[in-house]
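J.: Residue numbers (numbering that gives the first Met the number 0), protein chains in the order written: chain A, 0 to 380; chain B, 0 to 727.
It is worth saying that the hints were derived from the structure and are not from the lab.
Among these hints, one or two may not hold up.
[Stated by the list, open to error] Selected chain B positions facing chain A (Cβ under 8 Å, derived; list incomplete): (1) THR209; (2) GLU213; (3) GLN242; (4) VAL484; (5) SER489; (6) ARG546.
[Unchecked claim] In silico negatives: residues of chain A with every beta carbon more than 12 Å from chain B: (7) LEU123; (8) ASP162; (9) GLU249; (10) PRO380.
No experiment lies behind these values; they were computed from the predicted model shown.
A virtual CB, placed ideally from N, CA and C, is assigned to each residue, including glycine.
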Amino acid sequence: MAMLAAVSLALPCLSSVTLAQTAVEQKVDRRVRYAVTGALAGAVLAGGFHFASDRGRSAGNCRPASCALPFLSLSGAISGVFIARELDAAKRAATPRVGESDRYRLTGTKLAASPESFDIRDSLIAAVSDSGVVILSAAEQPRALRRRAAGLNGLNLIAFRLDEPSVLIGGTSALYSTGVETGTVTRLLGGSVSAIATSPTGWLSASGRMVHVAAGLTRDSVELPALVLSAHFDATGRRWWVGTENSLVEITMRDARAALGQQLDASAPVRAITSSDEWIAVAHGESGVSAWRRSTLREGVINTVRLQGEPRFAFDVAFAHGELFIAAGTDGLFRAALDPAARILGVSRQLPFVTLLRTDGLGRLWVGDRLRSELVRVDKP
Amino acid sequence: MPFSPWRAVRRAVLPAIIMATAPVTARSVGAQSETAQLVSASLAKLDMGDTAAALSMLKTATDRYPQDPGALYWRGRLLARTSASGVGNTPQRLLAWRLLNRGSKSEADDPRFLFEMGLLRLKTPLLRFEAERFLLRARDIAARVGDSTTQSEAAYELGQIRERRYRTTYHRYSYTGGIFFDQFAALNRMHYVREFLQQSSRPIENAGATERHEAEEMYRAALKANSGHSPSARAMLGLLYDQRRYDEMTSVARPFLRDSTPDARLWFGAALARFRAGDAATATSWFAAGLQRLSTDDRREVLDLGSLLRVGDSTRVAGLADGVRAATVTAFWEAADPLLSTPENEAQLEYYSRVAFTMLNYEDRETAHRSGWRTDRGQVILRYGEPPTVALMPEIITVFWYPETERSFVFSGSLGFTAAVFAGDFRELTEATRAIDPFRLDNLALAHQVDSISHQVARFRGNDASEYEVITAARLDVATLYKGVDLDRSALNWSMRLGSPDRMRLIEEVTVPVTLPSIDNEVMTSAKLIPVGDYRLRMEAYDPGVRNAAARAQVNLALPKMDASKLSSSDILLAQRVADSGRLLRRRSDAALQPIPATTVAQRDTFAVYWENYGLTPDANGDVLAGVKIVITLVEIVRVGNTATRLFGNIVDVVGLSPEGDQTLSISFDRNEPLSGRDRVPMLVNLGLGSAPVGRYRLEITVTDRVSGTRTTSRRDFSLSPFDRPSL
Numbered sequence: 000m001a002m003l004a005a006v007s008l009a010l011p012c013l014s015s016v017t018l019a020q021t022a023v024e025q026k027v028d029r030r031v032r033y034a035v036t037g038a039l040a041g042a043v044l045a046g047g048f049h050f051a052s053d054r055g056r057s058a059g060n061c062r063p064a065s066c067a068l069p070f071l072s073l074s075g076a077i078s079g080v081f082i083a084r085e086l087d088a089a090k091r092a093a094t095p096r097v098g099e100s101d102r103y104r105l106t107g108t109k110l111a112a113s114p115e116s117f118d119i120r121d122s123l124i125a126a127v128s129d130s131g132v133v134i135l136s137a138a139e140q141p142r143a144l145r146r147r148a149a150g151l152n153g154l155n156l157i158a159f160r161l162d163e164p165s166v167l168i169g170g171t172s173a174l175y176s177t178g179v180e181t182g183t184v185t186r187l188l189g190g191s192v193s194a195i196a197t198s199p200t201g202w203l204s205a206s207g208r209m210v211h212v213a214a215g216l217t218r219d220s221v222e223l224p225a226l227v228l229s230a231h232f233d234a235t236g237r238r239w240w241v242g243t244e245n246s247l248v249e250i251t252m253r254d255a256r257a258a259l260g261q262q263l264d265a266s267a268p269v270r271a272i273t274s275s276d277e278w279i280a281v282a283h284g285e286s287g288v289s290a291w292r293r294s295t296l297r298e299g300v301i302n303t304v305r306l307q308g309e310p311r312f313a314f315d316v317a318f319a320h321g322e323l324f325i326a327a328g329t330d331g332l333f334r335a336a337l338d339p340a341a342r343i344l345g346v347s348r349q350l351p352f353v354t355l356l357r358t359d360g361l362g363r364l365w366v367g368d369r370l371r372s373e374l375v376r377v378d379k380p
Numbered sequence: 000m001p002f003s004p005w006r007a008v009r010r011a012v013l014p015a016i017i018m019a020t021a022p023v024t025a026r027s028v029g030a031q032s033e034t035a036q037l038v039s040a041s042l043a044k045l046d047m048g049d050t051a052a053a054l055s056m057l058k059t060a061t062d063r064y065p066q067d068p069g070a071l072y073w074r075g076r077l078l079a080r081t082s083a084s085g086v087g088n089t090p091q092r093l094l095a096w097r098l099l100n101r102g103s104k105s106e107a108d109d110p111r112f113l114f115e116m117g118l119l120r121l122k123t124p125l126l127r128f129e130a131e132r133f134l135l136r137a138r139d140i141a142a143r144v145g146d147s148t149t150q151s152e153a154a155y156e157l158g159q160i161r162e163r164r165y166r167t168t169y170h171r172y173s174y175t176g177g178i179f180f181d182q183f184a185a186l187n188r189m190h191y192v193r194e195f196l197q198q199s200s201r202p203i204e205n206a207g208a209t210e211r212h213e214a215e216e217m218y219r220a221a222l223k224a225n226s227g228h229s230p231s232a233r234a235m236l237g238l239l240y241d242q243r244r245y246d247e248m249t250s251v252a253r254p255f256l257r258d259s260t261p262d263a264r265l266w267f268g269a270a271l272a273r274f275r276a277g278d279a280a281t282a283t284s285w286f287a288a289g290l291q292r293l294s295t296d297d298r299r300e301v302l303d304l305g306s307l308l309r310v311g312d313s314t315r316v317a318g319l320a321d322g323v324r325a326a327t328v329t330a331f332w333e334a335a336d337p338l339l340s341t342p343e344n345e346a347q348l349e350y351y352s353r354v355a356f357t358m359l360n361y362e363d364r365e366t367a368h369r370s371g372w373r374t375d376r377g378q379v380i381l382r383y384g385e386p387p388t389v390a391l392m393p394e395i396i397t398v399f400w401y402p403e404t405e406r407s408f409v410f411s412g413s414l415g416f417t418a419a420v421f422a423g424d425f426r427e428l429t430e431a432t433r434a435i436d437p438f439r440l441d442n443l444a445l446a447h448q449v450d451s452i453s454h455q456v457a458r459f460r461g462n463d464a465s466e467y468e469v470i471t472a473a474r475l476d477v478a479t480l481y482k483g484v485d486l487d488r489s490a491l492n493w494s495m496r497l498g499s500p501d502r503m504r505l506i507e508e509v510t511v512p513v514t515l516p517s518i519d520n521e522v523m524t525s526a527k528l529i530p531v532g533d534y535r536l537r538m539e540a541y542d543p544g545v546r547n548a549a550a551r552a553q554v555n556l557a558l559p560k561m562d563a564s565k566l567s568s569s570d571i572l573l574a575q576r577v578a579d580s581g582r583l584l585r586r587r588s589d590a591a592l593q594p595i596p597a598t599t600v601a602q603r604d605t606f607a608v609y610w611e612n613y614g615l616t617p618d619a620n621g622d623v624l625a626g627v628k629i630v631i632t633l634v635e636i637v638r639v640g641n642t643a644t645r646l647f648g649n650i651v652d653v654v655g656l657s658p659e660g661d662q663t664l665s666i667s668f669d670r671n672e673p674l675s676g677r678d679r680v681p682m683l684v685n686l687g688l689g690s691a692p693v694g695r696y697r698l699e700i701t702v703t704d705r706v707s708g709t710r711t712t713s714r715r716d717f718s719l720s721p722f723d724r725p726s727l
């Protein structure tokens, strides 16, 4: 009997060891532990059967020792191996490839559809999705306040205007503006809008290669050599940046004339732009993240800091708590440091599909989750 | 291959004798040279498709030089790859295993042996679980020795193993009500599937997520080892699509597309991602590139409409000459396009997207001979789109559920197995469904948003018998199109297209400024001179910035040849009432008519009826004498009011107590007027139906030429709306 039990234990253990040639020692341990536990459970059941069958006298053809014990212990051991394998795989899937595993306190609010874009101003959040624009409260427990821009098609960009209580909405057909509280939507410009940004004195909108800038009562346009994909107002440097398919371009507005300023070679499409007091960072999608130290921008040799390989796809970037956060889709929310060298510090896999990031006036990070159609505030625990 | 003792002795002893007796250097050089020649010759045979000759040569090589790794590898590989899974091929697999195993022992750093052994294990019943171990070893050795090809292949195969596991668990449902899914009830009982999914089962959250993640990691590893490994890229597109990761799909496919990959599946997969991401222009271009790269048979099958038509129509289209069939296909897609005003044909893109979906989901190496759209599930997807609900039941039954039409299709065999087929009588049910509803675009948002345009089209003779003047009047119900839209002003694009049945072209385009909120209707009237022929006329109103501001109308316009010598009448044009000026009408323009766009008049309204008579014979004084009979018949009463009233009214209709079918109005009169060189005799009558019942009416005008005794009849259906309803 002991021999049979030993065989029943040895077989799955052996298979667990051979199957896990690339696994670390701990995983092998888990498989062995689970196999042994499963085999023991089988043996206990066989023991139960032994007593239940009047010490085997009424057991029929399957005797407790020669049949039930090896069969049940072997089955238990195999089940243990497979359960351990599943647990290992699940753990592997949840473990970040780089950096620590971060965990945050999440406070979210559900939207009617996946958010395409959102913006935060004071205590308000404006989010745009397939089902229109919704204004939410950015209070401790976020909640929807009102809907705006009902019935409009192809809306995918939104930004609060800082010079008046309204929002700028970009879509595949036009650029619109509407009051935060009341009023109908007004069409500002026709044509598909690829990027918008707002400043304390005006707004910027891009359609294809054309960039329109409004400052106070003046408006002007400037054409870029490449398609514009993103836009950002750098509050510290007080200047506009637009991202194209391969560069980051400064847009200036002097004497009511829009003009191209400094151009930074990004070598990849610029999907999103963000800035802090010290850095300007952009998300490139599959090409990772690039960043430039603000103080070096006026120097002759501009040093580009790059994060490549991880995350595999950078959807959006934002600075919060002195660190760079990266929306990496299904890979989660990445936390990175840029100084002294660019590196990933941690990854949170709590949200299934992180695509949008914004920081509010209090420095708190907000995340747009495409899969759950949620806006989530991310607080350190 | 049967066991032969002599062969065994020959294999074991002869080479040993030869090896022992030959001078070492000469032996090894000569052996290498001869084996290399044999292997090379066998590969040449293989290239020509002569597998038997190749195997024979390789057998000679391994018999003479049993330790030669090249010969062992190629013979083992060929035997392994030509063996089928199942018990019947066991001897061949055993032989392949022995050869590969021998090679792997002598060439421990050559991962190809282990890789082939892994593939062989995948075909071996009961020992499949071992495949993963060999493939992992092959991958690791390949990485160590820098064999990127084997590394990527092994990683891809490992990904496939994980993906199969994922597909068998993805969409998994568990039972909550303690009853099993009954496919027979699903076939026979209405609402069974809906009720079962809602009340007796529930989806298992995150089912298969771990396997999907592992499969993706393996495919990424394969692409990292060999960036040109298109099967891994293709497989990854399928995984990413399940999670709607369209941007990442594009980034995976882009390097291949940049190199103009011949892999049509990659083009289709990338185009699918772009279309779902809302980039229809790129999707159109990439689908076109994918179509070019399909095999001739596949391309013909995808381009033809066989799967989207009823069986009879499909046979008829297949039997057409190439040119006519191509024209028919073009006409089909033009008619299916929700809006011609958009640059892309969304209906066709949706169809190609469905083809791409079937490529990504229902094809694998084992069914490489069978394209995804030819599978049972693929055919359902082509016709009705990706099902909003897919449920994999514990007893390995897959349910496609389309809530909008309350249709379900049940397959036996889980999602992970490409061989899933219709369960029970669902094949017959699917054919019956096809006969009623062969193609639907329920999952195309634009198709839902398009409203219909009320219109009236009337044909009059043109300047001569070779052309017609076609009057169109259409009503743009601006209030309805912009209902609930939070916008102060916008612009509605109005367009008209006309052309032969296979190709329409733009003939009129107008931008109508709209100030909101609007309660006004816009009336678009036009008069076009069109040569004799068969045409399609399409009218569209579209505001791309507003979700529901889209409407269309399509008319088949037959403009037959006219015989100027025979009596005939034009269509009847319904217009706003006009005062009779007493002047002799020479053309329609003399009457200053405002056509009614919707062929709907209100109770107590008076409206004008205008038509033209051609070929009336003048008498000796040059006058024409025509007898006119106007009959208006109530075709159908439209009941208004509460349910009880409508029900009672309908019963009364059935038993014949209501005035349905009665002639509501009948007028006869003679008209005598000078022809005065006119090529037509226009006639204008004002009519009113008072408080006749609301419903559908038929207006019939018969003109009798009192001189020649011939007669002609024209008809026009119209509707009578309630008195308080605003009408044009």
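J.: Is the interface hint for SER489(B) satisfied, with its Cβ closer than 8 Å to some Cβ of chain A?
T.: 7 Å, holds
J.: Per the stated criterion, does the least C-beta distance between GLU249(A) and chain B lie above 12 Å, as a non-interface residue requires?
T.: 26 Å, holds
J.: Next item in the hint list is GLU213(B). Is there a CB on chain A closer than 8 Å to its CB?
T.: 6 Å, holds
J.: Verify that the Cβ of ASP162(A) lies farther than 12 Å from every Cβ atom of chain B, and report whether the claim holds or is violated.
T.: 20 Å, holds
J.: Would the least Cβ to Cβ distance between LEU123(A) and chain B come out above 12 Å?
T.: At about 18 Å from chain B, LEU123(A) clears the 12 Å cut-off, so the statement holds.
J.: Is the hint on VAL484(B) kept, meaning its closest Cβ partner in chain A is under 8 Å away?
T.: 3 Å, holds
J.: Please verify that hint: THR209(B), Cβ, nearest Cβ of chain A, below 8 Å or not.
T.: Result: holds, 5 Å to nearest chain A Cβ.
J.: Over 12 Å from every CB of chain B: does PRO380(A) meet that, or does the non-interface label fail?
T.: Its Cβ never comes within 12 Å of chain B, the nearest being 23 Å, so this holds.
J.: Does ARG546(B) pass the interface hint, meaning its C-beta sits closer than 8 Å to a C-beta of chain A?
T.: 4 Å, holds
J.: Take the shortest C-beta to C-beta distance between GLN242(B) and chain A; is it under 8 Å?
T.: Since chain A brings a Cβ to about 6 Å from GLN242(B), closer than 8 Å, the hint holds.
In summary, this structure violates none of the numbered hints.
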